[in-house]
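Line order of the protein sequences matches chains A, B, C and D.
Using my numbering, you'd call the opening residue of the first sequence number 1 and step up by one each time.
Using my numbering, you'd call the opening residue of the second sequence number 351 and step up by one each time.
Using my numbering, you'd call the opening residue of the third sequence number 701 and step up by one each time.
Using my numbering, you'd call the opening residue of the fourth sequence number 1051 and step up by one each time.
Take the hints with a grain of salt, since some may be wrong.
To be verified - The calculated DSS-like cross-link candidates involving lysine-lysine, where the alpha carbons are at most 27 Å apart (straight line), are:
{"id": "1", "chain 1": "D", "residue 1": "1330", "chain 2": "A", "residue 2": "62"}
{"id": "2", "chain 1": "A", "residue 1": "62", "chain 2": "A", "residue 2": "3"}
{"id": "3", "chain 1": "D", "residue 1": "1137", "chain 2": "D", "residue 2": "1112"}
{"id": "4", "chain 1": "C", "residue 1": "703", "chain 2": "C", "residue 2": "762"}
{"id": "5", "chain 1": "A", "residue 1": "280", "chain 2": "D", "residue 2": "1112"}
{"id": "6", "chain 1": "D", "residue 1": "1094", "chain 2": "D", "residue 2": "1109"}
{"id": "7", "chain 1": "C", "residue 1": "980", "chain 2": "C", "residue 2": "702"}
{"id": "8", "chain 1": "B", "residue 1": "352", "chain 2": "B", "residue 2": "630"}
{"id": "9", "chain 1": "A", "residue 1": "44", "chain 2": "A", "residue 2": "59"}
{"id": "10", "chain 1": "C", "residue 1": "703", "chain 2": "C", "residue 2": "744"}
{"id": "11", "chain 1": "D", "residue 1": "1053", "chain 2": "D", "residue 2": "1112"}
{"id": "12", "chain 1": "A", "residue 1": "44", "chain 2": "A", "residue 2": "3"}
{"id": "13", "chain 1": "B", "residue 1": "394", "chain 2": "B", "residue 2": "409"}
{"id": "14", "chain 1": "B", "residue 1": "412", "chain 2": "C", "residue 2": "980"}
{"id": "15", "chain 1": "A", "residue 1": "2", "chain 2": "A", "residue 2": "280"}
{"id": "16", "chain 1": "A", "residue 1": "280", "chain 2": "D", "residue 2": "1109"}
{"id": "17", "chain 1": "B", "residue 1": "630", "chain 2": "C", "residue 2": "759"}
{"id": "18", "chain 1": "C", "residue 1": "703", "chain 2": "C", "residue 2": "980"}
{"id": "19", "chain 1": "A", "residue 1": "59", "chain 2": "D", "residue 2": "1330"}
{"id": "20", "chain 1": "B", "residue 1": "630", "chain 2": "C", "residue 2": "762"}
{"id": "21", "chain 1": "C", "residue 1": "702", "chain 2": "C", "residue 2": "744"}
{"id": "22", "chain 1": "B", "residue 1": "409", "chain 2": "C", "residue 2": "980"}
{"id": "23", "chain 1": "C", "residue 1": "787", "chain 2": "C", "residue 2": "744"}
{"id": "24", "chain 1": "D", "residue 1": "1112", "chain 2": "D", "residue 2": "1094"}
To be verified - Computed spacing ranges between beta-carbons, pair by pair:
{"id": "25", "chain 1": "B", "residue 1": "391", "chain 2": "C", "residue 2": "1046", "range": "50 to 60 Å"}
{"id": "26", "chain 1": "D", "residue 1": "1274", "chain 2": "B", "residue 2": "393", "range": "39 to 49 Å"}
{"id": "27", "chain 1": "C", "residue 1": "773", "chain 2": "A", "residue 2": "85", "range": "32 to 42 Å"}
{"id": "28", "chain 1": "B", "residue 1": "554", "chain 2": "A", "residue 2": "265", "range": "22 to 32 Å"}
{"id": "29", "chain 1": "C", "residue 1": "760", "chain 2": "B", "residue 2": "619", "range": "31 to 41 Å"}
If you are wondering where the hints come from, they were derived from the structure by calculation, not from laboratory data.
The beta carbon of each residue, even a glycine, is placed where N, CA and C say it ideally should be.
Number of protein chains: 4
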Amino acid sequence: MKKIPVAVLGATGAVGQRFVQLLENHPWFEVVAVTGSDRSTNQKYGQVCRWILPEPMPKPVKEYLVLPSDPSLVEVPVVFSALPSEKARVIEPEFARAGSLVFSNASAYRYEPDVPILLPEVNPGHTGLLAAQRSNRQWSGAIVTNPNCTSTGMTITLKALQDTFGLRRVFAVSLQAVSGAGYPGVPSLDIMDNVIPFIGGEEEKVELEPRKMLGRLEETGIQPADFVISAHTNRVPVSDGHVVCLSIEMDQSADLPTVRRAIEDYLPPEVCAELPSTPKPVIIYRDEPDRPQPRLDRGTGDGMTTVVGRLRTDPLLHIKLVVLSHNTIRGAAGGSIYNAELLVQQGMLG
Amino acid sequence: MKKIPVAVLGATGAVGQRFVQLLENHPWFEVVAVTGSDRSTNQKYGQVCRWILPEPMPKPVKEYLVLPSDPSLVEVPVVFSALPSEKARVIEPEFARAGSLVFSNASAYRYEPDVPILLPEVNPGHTGLLAAQRSNRQWSGAIVTNPNCTSTGMTITLKALQDTFGLRRVFAVSLQAVSGAGYPGVPSLDIMDNVIPFIGGEEEKVELEPRKMLGRLEETGIQPADFVISAHTNRVPVSDGHVVCLSIEMDQSADLPTVRRAIEDYLPPEVCAELPSTPKPVIIYRDEPDRPQPRLDRGTGDGMTTVVGRLRTDPLLHIKLVVLSHNTIRGAAGGSIYNAELLVQQGMLG
Amino acid sequence: MKKIPVAVLGATGAVGQRFVQLLENHPWFEVVAVTGSDRSTNQKYGQVCRWILPEPMPKPVKEYLVLPSDPSLVEVPVVFSALPSEKARVIEPEFARAGSLVFSNASAYRYEPDVPILLPEVNPGHTGLLAAQRSNRQWSGAIVTNPNCTSTGMTITLKALQDTFGLRRVFAVSLQAVSGAGYPGVPSLDIMDNVIPFIGGEEEKVELEPRKMLGRLEETGIQPADFVISAHTNRVPVSDGHVVCLSIEMDQSADLPTVRRAIEDYLPPEVCAELPSTPKPVIIYRDEPDRPQPRLDRGTGDGMTTVVGRLRTDPLLHIKLVVLSHNTIRGAAGGSIYNAELLVQQGMLG
Amino acid sequence: MKKIPVAVLGATGAVGQRFVQLLENHPWFEVVAVTGSDRSTNQKYGQVCRWILPEPMPKPVKEYLVLPSDPSLVEVPVVFSALPSEKARVIEPEFARAGSLVFSNASAYRYEPDVPILLPEVNPGHTGLLAAQRSNRQWSGAIVTNPNCTSTGMTITLKALQDTFGLRRVFAVSLQAVSGAGYPGVPSLDIMDNVIPFIGGEEEKVELEPRKMLGRLEETGIQPADFVISAHTNRVPVSDGHVVCLSIEMDQSADLPTVRRAIEDYLPPEVCAELPSTPKPVIIYRDEPDRPQPRLDRGTGDGMTTVVGRLRTDPLLHIKLVVLSHNTIRGAAGGSIYNAELLVQQGMLG
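All chains should be built: construct the whole structure from the sequences, respecting the hints.
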């Protein structure tokens, strides 16, 4: 099969680098263009990009000239966007109008009624929104977003519970890695020997996004799932891997072994069961009393698996548990690539 | 005034060192003896104690011989206990029997019906239990405990709310410093670039202790306060200072300014308003959107003030906020010393 | 005594904040003006300055309007400069021309032949350069610099050895705290679980500055001391406190106890023995085999004492030892203030 | 080829775990037994071993019963020893006497005249010592040690220089990861926001071992290389990866490009050019001004490559450079396995 040519928008930043790294040797996609801001355009990616990943920079991309984020210069069917939200708001529609499928990490369009926030294991059917999106906006392409990195792991876990028991109330407290803030991101003086109990705009996202993803696609758009989330979000001195402590009330209570089985037995929908990025397994439950932990568990399933542990009874709601997910892989670049694979599988490309 | 002679039990450990350091130049108390395990007895404190505090070791104590924890060798009216819980269970009663007032950091006796868990600003009247304790146990001394380091700051904050609005449900998630685990405590390989979402026995303590301290002293003992707590406890790579994210439902809802005023205006009971360790102020509310933070706020009021911030509406209960308190000062040694001051003030000594 | 009015240039940055904090309640100086860049001028210091120190922001300064760094608006006899080097190059001479004594942390003028790099304990006589400086440059004020934060502690230690034994060759490897890079400075993703074996321009400074400070004031300027330094400089995940490993060859070898005595007995010159910032003691030698350490020793003497330890024989040169000094206090703001005190004492003010 | 059965002594510790992990799927060796201390014997490895690596525990080994370190119970031709030094001193000879080739990480026998410290790229011929060792000690097996983790990377780099230019004097200052101290090893309270400028016995090893490895095998044993090393060793808050700053005087000076070429072009001896663990390449030189760095470079060549950078002129000796090497892979378990491969290749097995 000839690979599908793709571009990475905002390729020199932290998430952009992750896209470039994860797409090396991808069986379906091939990076043919990278874009950046004025500071970096027309220079070689290998020279202008301050590479911050332990994995080496892929050879061919090193030699690419960084292009402006302009669809007339970058004509490809699939675009991965690592743009900051303000830029994404302007630039992503230009690519969608020009016919590209834009897979975006930015929050700019997540909350539009005709734009899906997509997790293949959770709501593959929400791509049904794209028809309306194209018709509303007169685009030949489309925008598909992936959720905030903290919403990701918890939504996959909640999906397993929603299917079996229904959901009513969720308390979520995150302990988030610094890579979630991009690069240069969090100054070391702010986070060394410290916790910052605040991340701008994050709690609002975490209280909103899971309900949209777990909602029902109706003719008029997504009907958000009918449960309530309360979130506290914290930054901690960890490089990669977001931990979320969850307390959950379900429609229907269940004993711990039954809940655990629902989590462990969770299978992704057929359509995304065998995509190149499908985590094996989607969710893993760790038995040890002190897991999941970022340093030990974030690499599970090449950073795509959601790791759950510490299931126990909650004195206020029904259950407590802890979720971990790799924020720059599963929660960002890897999640976008997985979304693109889903759309290829669904025949929505070209 | 002649100073009251005191001893520190378990003086070579992390909390024991904090006792020794905080008691240097105390206006009422003077350390006359330090005890330790077999490994260290009959050696000079300055030689056998691996001092881990930035403050220098007090000169006179340096020369003390470390004694066994035996009341026949250490006859003092006031004893501060930094013993581990198993040892505390055996040794603390021996000192109480011999007539000492034992101020204990251990959890061994916290849950006994005739032993108070004491915070001077919260429940000074609970020292009323000591009469029953002495009579039940035939002790001429007594045991007074201070709460778990995580319970401390949250209980002081909850007290301010309980007084004004009543309490129904509390959701608490901690981000705890490594010094809470003592020394050597948490191995660096376990916590560097990591979070451990588990601390043995901690969640049980946090769900129990605030209700006892906020309960009512009745003839038959303490009637625990009638609200429910759900706790998740986490270890994070921070040296000192425990952060607790709280969501709270009160008997009576109130708008945020009213709640804030209740917190800021909280005054300690008269009896503990002017003790040497009384924090000035008891609670401080920080306006910045990203405070309290351990590195910046743990030293407030010499580590004795409870620092609160981020008061906002909770979508499930009434309010959310964040509490910080210094775990080895306010939450351990400093809290015990403050308790001892209270009993002196109440005339319960000697 | 009426206090001398002083201004802090570049007061909103990391070193600028340290100046403001250390000058609170200074017995001789009173901050009457703070300056900043366009971004912050004409706003209240308390609002525009993102305060990053654990010590609270001094009350009165909070209300000051931040002024532009313009001597016509800020007429004071003493100016402390926390400006970045490029700005210092332009602005500091303007203040010197206008008559202020400028105490500068920047490297901009350190290497000019008529500008002293000053450490009161080491080379108080180098203020003799100011006469030439004023005459050369037609300034009524003057510029006095303090050394790079890594040079500071090692030069004080080398001074003690130079006086007694002479110096020939010095090998210096630093492990430097992130606060040395200012704020926001080092991104957390760069330094968490990491070492960066490079700090731009630092090795050149460390190889040059100690020789100038330990040199002789002659009619034609400073004759640098006749020894050679080789430096490696590294950034490590430490908030405050620079460690320097030194191997030293002296003109005249000596046994370890003699060397140690020379270090411990080092007395500052009479003129700076009783200034408000004179460290007590200037140098402290720690006996423990594993000291000095940043977390435990950086606060010694309120951050002004140089802490030395691990004196031992070097197989290539004569001796090895380790030096620690607080980089933002002794090595920056505190050092500048100490320099200003020296000039007041020398009668060089006004 | 049938795999050679091997045992791991001290398999539950940090280095022992690394052996078990690296030997999973090894093409030549198969772990058939693991040993441990009394605390763990006769229990399943998977239950008794507190696994601290991010890589999962290999399935089959999980089910092994941990055996005592007794050669009558563990009869295998190859034994990897992760024993602490005091135990190694007693137990390793028992296995050598019983006929096993013991590949040891311990320092217990490193300095014996008839025991080689072996790095395949550096001194493969030193296995010639084994004949004398067997005859001296009446062993049918033998002990082969690998160097201290800090000596490893620097010796490989020094070898490249020695071959071309000769060596005279070496200054070495290390910044070492906490995993070098084993598990639980360094308490987090000791190293968080800190540097410890002391590692017991380390400087002596670093000053001695490279000279033995770079020495000449003569009839009477190894003649250590004729140059002098001065070492300072430091612990820093890094999980894995030791950095060493080196200043080097060679017999024959050379310009920087020539030195760099000697490093980059270094080829391992033929006999170890194609072993399963041979790093590809043996040494890599990084051009960036701020590399090597532990977090970014320790994984190079699966943790077996020595990473060098920052070559520059030294004002005292000839050159300065920085070396990085993964301390638990290249500097411990991986190095031992590589040594065993060399002996198989040399036909010294069985």
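Here's how the hints hold up against the structure:
1. D/1330 with A/62: holds (21 Å)
2. A/62 with A/3: Holds: residue 62 of chain A and residue 3 of chain A sit about 19 Å apart, inside 27 Å.
3. D/1137 with D/1112: Since the Cα atoms of residue 1137 of chain D and residue 1112 of chain D sit roughly 24 Å apart, the hinted pair holds (cutoff 27 Å).
4. C/703 with C/762: Holds: residue 703 of chain C and residue 762 of chain C sit about 19 Å apart, inside 27 Å.
5. A/280 with D/1112: holds (21 Å)
6. D/1094 with D/1109: holds (12 Å)
7. C/980 with C/702: holds (26 Å)
8. B/352 with B/630: holds (26 Å)
9. A/44 with A/59: Answer holds: residue 44 of chain A to residue 59 of chain A is near 12 Å, not above 27 Å.
10. C/703 with C/744: holds (23 Å)
11. D/1053 with D/1112: Measuring from Cα to Cα gives roughly 19 Å; hence the hint holds.
12. A/44 with A/3: OK: residue 44 of chain A and residue 3 of chain A at ~23 Å, within 27 Å.
13. B/394 with B/409: holds (12 Å)
14. B/412 with C/980: holds (21 Å)
15. A/2 with A/280: holds (26 Å)
16. A/280 with D/1109: Holds, at roughly 17 Å.
17. B/630 with C/759: This hinted pair holds, its Cα atoms lying about 17 Å apart.
18. C/703 with C/980: Holds, at roughly 24 Å.
19. A/59 with D/1330: Judged against 27 Å, a Cα distance of about 17 Å means the pair holds.
20. B/630 with C/762: holds (21 Å)
21. C/702 with C/744: holds (26 Å)
22. B/409 with C/980: holds (17 Å)
23. C/787 with C/744: holds (22 Å)
24. D/1112 with D/1094: Holds, because 7 Å separates the two Cα atoms, which is no more than 27 Å.
25. B/391 with C/1046: 50 to 60 Å: holds (56 Å)
26. D/1274 with B/393: 39 to 49 Å: holds (42 Å)
27. C/773 with A/85: 32 to 42 Å: holds (39 Å)
28. B/554 with A/265: 22 to 32 Å: holds (30 Å)
29. C/760 with B/619: 31 to 41 Å: At 34 Å between Cβs, range holds.
Every hint, counting from the list given before, is met by this structure.
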